[in-house]
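Visitor: Given only the sequences and the hints, what does the whole structure look like? Please build it.
Here the protein sequences come in this chain order: A and B.
Just so we're aligned, residue 106 is where the first sequence starts under my numbering, counting upward by one.
Just so we're aligned, residue 106 is where the second sequence starts under my numbering, counting upward by one.
One or more hints might be untrue.
[To be verified] Below, in silico cross-link-like pairs of lysine-lysine (DSS-like), each with a Cα-Cα straight-line distance of 25 Å or less:
hint: 1; chain 1: A; residue 1: K515; chain 2: A; residue 2: K392
hint: 2; chain 1: B; residue 1: K552; chain 2: B; residue 2: K564
hint: 3; chain 1: B; residue 1: K198; chain 2: B; residue 2: K564
hint: 4; chain 1: B; residue 1: K232; chain 2: A; residue 2: K198
hint: 5; chain 1: A; residue 1: K515; chain 2: A; residue 2: K198
hint: 6; chain 1: B; residue 1: K515; chain 2: B; residue 2: K108
hint: 7; chain 1: B; residue 1: K112; chain 2: A; residue 2: K112
hint: 8; chain 1: A; residue 1: K198; chain 2: A; residue 2: K112
hint: 9; chain 1: A; residue 1: K232; chain 2: B; residue 2: K198
Worth flagging that the hints you see were computed from the coordinates, not collected in a lab.
Number of protein chains: 2
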Amino acid sequence: MAKIPYKTYLSEEQLPQQWYNLRADMKTQPAPMISPANFQPLKPEDLHPIFAEELCRQEFDATTRFIDIPGPVYDYYRTYRPSPLVRAYNLEKALDTPARIYFKFEGNNTSGSHKLNSAAPQAYFAKQQGLQGLTTETGAGQWGTAMAMSCAHFGLDLKVFMVKTSSEQKPYRKVVMQTYGADVTASPSNTTQVGRSILERYPNTGGSLGCAISEAIEAAVTNPGYRYVLGSMLNHVLLHQSVIGLEAKAAMDQLGEYPDIVIGCAGGGSNMGGLMSTYMADRLSGKANPYFIAIEPASCPSMTRGRYAYDFGDTGHTTPLVKMYTLGSDFIPSPNHAGGLRFHGMSPILSQLYLDGYLDEARSAEQTSVFEAATLFARVETILPAPESAHAIRAAIDEAIKCRESGQTKVILFSLSGTGYFDLTAYSSYLTHTMTDYIPTDEDLQKGFATLPQVPEGK
Amino acid sequence: MAKIPYKTYLSEEQLPQQWYNLRADMKTQPAPMISPANFQPLKPEDLHPIFAEELCRQEFDATTRFIDIPGPVYDYYRTYRPSPLVRAYNLEKALDTPARIYFKFEGNNTSGSHKLNSAAPQAYFAKQQGLQGLTTETGAGQWGTAMAMSCAHFGLDLKVFMVKTSSEQKPYRKVVMQTYGADVTASPSNTTQVGRSILERYPNTGGSLGCAISEAIEAAVTNPGYRYVLGSMLNHVLLHQSVIGLEAKAAMDQLGEYPDIVIGCAGGGSNMGGLMSTYMADRLSGKANPYFIAIEPASCPSMTRGRYAYDFGDTGHTTPLVKMYTLGSDFIPSPNHAGGLRFHGMSPILSQLYLDGYLDEARSAEQTSVFEAATLFARVETILPAPESAHAIRAAIDEAIKCRESGQTKVILFSLSGTGYFDLTAYSSYLTHTMTDYIPTDEDLQKGFATLPQVPEGK
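Guide: Next up, the structure:
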């Protein structure tokens with residue numbers, strides 16, 4: 106019997122009682138959110154019409170290193186956390202690599218991904234504030250499901266705008282959200298002003314996270330008692346997702362292991378930001394020197410081919426301006442199957458760390474190569490991965506193969522952020538060789554960059 | 106914080122190293138399998154053309170109390186087991202019941218159910234024998250997925266005959282099996298003689314497990330190097346599934362809990378047989394007196410309205426005769442959404458225990474009432490249950506409500522055998538109020554009974 110178990114589960118008593126706020130240890134703070142009207146930095150209260158107040162507070166808190174997880178959220182976490190840290194023995198064997206590969210598996214809950222880690226506190230804080238309901242968007246459907254589950258638990262109404270392409274690729278995701286009581290609309294829709302205007306300009310669009318965000322924000326600010334929730338990119342979301350990294354490090358420590366390489370897929374950045382949080386703290390303090398890799402789809406390459414600039418978070422230009430790696434808020438990515446990674450921008454925290462060289466590497470992968478990795482992984486490790494998560498598998502496999510070639514015994518840790526049970530259309534197109542790769546041309550990217558807002562020098 | 110955790114995970118070292126063979130402790134052995142030709146009891150070697158030899162040996166072994174789990178199967182179990190025992194705090198609260206409700210959750214693997222527990226050893230023993238491939242049937246798709254995963258792991262080909270109704274209700278299940286390398290055919294099909302003959306008689310049939318079994322057996326015996334595998338009903342399947350009960354008891358013991366009531370859904374009986382195994386041992390030895398409830402769909406009521414008689418296991422009458430509760434092998438149940446429970450017969454072990462009064466109660470439920478329970482459970486306990494498993498939830502809820510009414514603090518243990526991620530068509534029909542209940546009339550049942558084979562008196 107192998108000395109290190111396949112799965113390491115922390116006990117419920119070891120579940121972190123506080124989130125870790127990486128900003129408290131960053132050398133350079135992410136640039137402040139600014140108003141598109143006067144380019145002045147925003148204050149928490151400026152966001153009160155959009156987000157629950159406690160979330161606004163967290164969004165601007167760059168100094169408190171640890172923040173308590175409220176009791177009811179902690180109890181909710183206990184229904185599905187701690188999540189397992191898995192030693193990928195069978196993948197190591199299949200690759201004949203001397204590397205030791207670990208993955209933190211976040212798919213063992215009905216939302217099918219790590220998204221529930223932020224959905225639960227967002228619903229809780231809204232309920233605490235006495236709100237009636239929430240609005241949000243969903244791409245792959247995992248965030249929408251996580252919010253539906255959390256709203257069912259904490260007793261809130263939920264309106265979900267689901268990216269049209271995803272809602273067509275994943276009809277059953279809608280039923281899951283409805284089972285938990287959510288109201289689901291395909292986006293762009295004619296239920297909002299911004300939706301109608303997007304449909305006028307692009308009548309045949311499959312939508313994007315950027316469009317759906319605009320619609321959800323409009324629905325929140327025009328309905329009394331409602332606020333909006335976002336599943337990625339923002340600082341408070343990364344704060345909640347730190348629970349992934351805290352658990353991963355506790356479990357790795359228990360095994361006496363420390364990763365040489367930390368890998369996550371990155372769409373808005375919440376999964377990568379969550380997994381790397383505690384290890385990045387070690388890197389920032391000089392305690393250790395793990396190598397960080399974020400991997401994104403070649404079809405939506407915000408870090409690898411985007412610009413670091415102030416931009417809107419949505420297509421309808423209803424959000425404040427955020428400084429980040431971006432493809433331009435008008436960039437609508439081709440219909441890659443990893444719906445959760447089809448977002449034009451990137452978390453300001455990840456963007457700043459990448460700019461400063463702490464997040465070592467961003468790379469991109471084409472979807473056929475991602476599904477090749479996904480299929481191999483499924484067959485040997487038994488778990489059917491989400492297309493988003495399979496990007497991280499692709500990078501982990503490539504790093505493990507490098508170890509085989511160099512003979513180096515590296516420790517690789519990646520985040521298996523979710524399962525692919527609702528992505529079978531994509532698997533089917535891979536299996537039947539009808540999947541194609543989409544890579545935007547430089548011209549496509551220029552069109553996106555042309556829509557970046559003009560912000561005065563020095564901002 | 107509650108004293109008893111939400112989830113109790115045994116460590117991998119606590120994973121049982123042996124299966125428990127309940128027959129070794131039964132007061133009356135299940136009646137022997139007999140030949141439909143001469144009504145003589147069969148010997149293990151009579152089944153060699155159909156099943157791998159080690160499985161035939163296990164099928165007839167009524168005396169060895171504990172049987173070692175082979176190393177490679179144990180290692181495979183370790184990729185997804187031990188499975189959690191969950192305290193359903195939120196369900197208790199929603200029902201305002203003094204009962205303490207526990208469930209053993211078998212859905213945390215890609216097959217989505219407990220089926221993998223028997224699929225893995227069945228593939229392993231076939232590989233050990235040097236076979237090239239296996240054939241099987243699948244209803245809900247969970248058994249087919251489990252076999253696809255196991256055959257991918259142990260290196261065997263797999264042909265799956267999928268009940269046509271299920272294959273239409275669950276198109277994506279097929280893709281999952283294909284992702285793991287299986288070849289999938291809707292049943293009845295024109296690829297087998299028995300399939301063609303069933304199609305001639307019932308051209309519009311949605312199929313049944315009974316039909317699919319006939320096709321799979323024919324494909325096994327007519328292809329050199331192939332054998333057939335069955336996912337339920339048989340003694341060796343219940344043997345493998347004892348791992349559920351062994352783990353459940355070890356975890357409950359660790360918490361200092363003993364169930365007053367043990368509940369499982371029953372289609373062929375493998376899930377109920379697995380969960381109850383160790384507790385039934387206590388009952389048989391007089392050590393304790395838990396109350397056992399098996400619950401089945403009202404549309405396919407083999408225990409509650411069937412006959413205890415010798416019958417074929419399949420519609421095409423290609424199997425030996427097995428004594429069990431049965432609706433007749435020609436009984437094709439109406440298209441209830443719990444595809445895994447649509448089988449005309451019941452495990453001979455369960456049948457005998459029910460006949461002898463050790464399995465205390467069989468009850469049936471209509472599907473709308475089952476989905477009402479499923480939806481409540483999903484919303485409060487976060488997990489989306491399979492329709493099959495939701496039968497057990499229905500019974501657990503009803504027992505917990507009785508406790509509320511009587512004020513009794515009973516301990517209820519049920520098996521949550523799987524997840525409903527591929528059953529969204531069913532959830533959708535429940536949510537849109539288009540789900541209907543099917544209850545066979547006495548006349549329907551008479552038609553099924555009329556096809557029972559004529560077996561000489563005294564058998």
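Visitor: Does each hint hold? Answer for all of them.
Guide: A quick look at each hint next to the structure:
1. The suggested pairing of A:K515 with A:K392 holds, with an alpha-carbon distance near 18 Å, which does not exceed 25 Å.
2. With a C-alpha separation of about 23 Å, the suggested pairing of B:K552 with B:K564 holds against the 25 Å cut-off.
3. At roughly 51 Å between alpha-carbon atoms, B:K198 and B:K564 are farther apart than 25 Å, so this suggested pair is violated.
4. At most 25 Å may separate the alpha-carbon atoms for a hinted pair to count; B:K232 and A:K198 meet this at roughly 19 Å.
5. For the suggested pair A:K515 and A:K198, the alpha carbons sit about 15 Å apart, so the restraint of at most 25 Å is met.
6. Using a Cα cut-off of 25 Å, the hinted pair B:K515 and B:K108 holds, with the two alpha carbons roughly 18 Å apart.
7. The hinted pair formed by B:K112 and A:K112 meets the criterion: a straight-line CA distance of about 15 Å does not exceed 25 Å.
8. The hinted pair formed by A:K198 and A:K112 meets the criterion: a straight-line CA distance of about 17 Å does not exceed 25 Å.
9. For the hint pairing A:K232 with B:K198, the CA-to-CA distance comes to about 19 Å; that is within 25 Å, so the pair holds.
Of the numbered hints listed earlier, the single one contradicted by the structure is hint 3.
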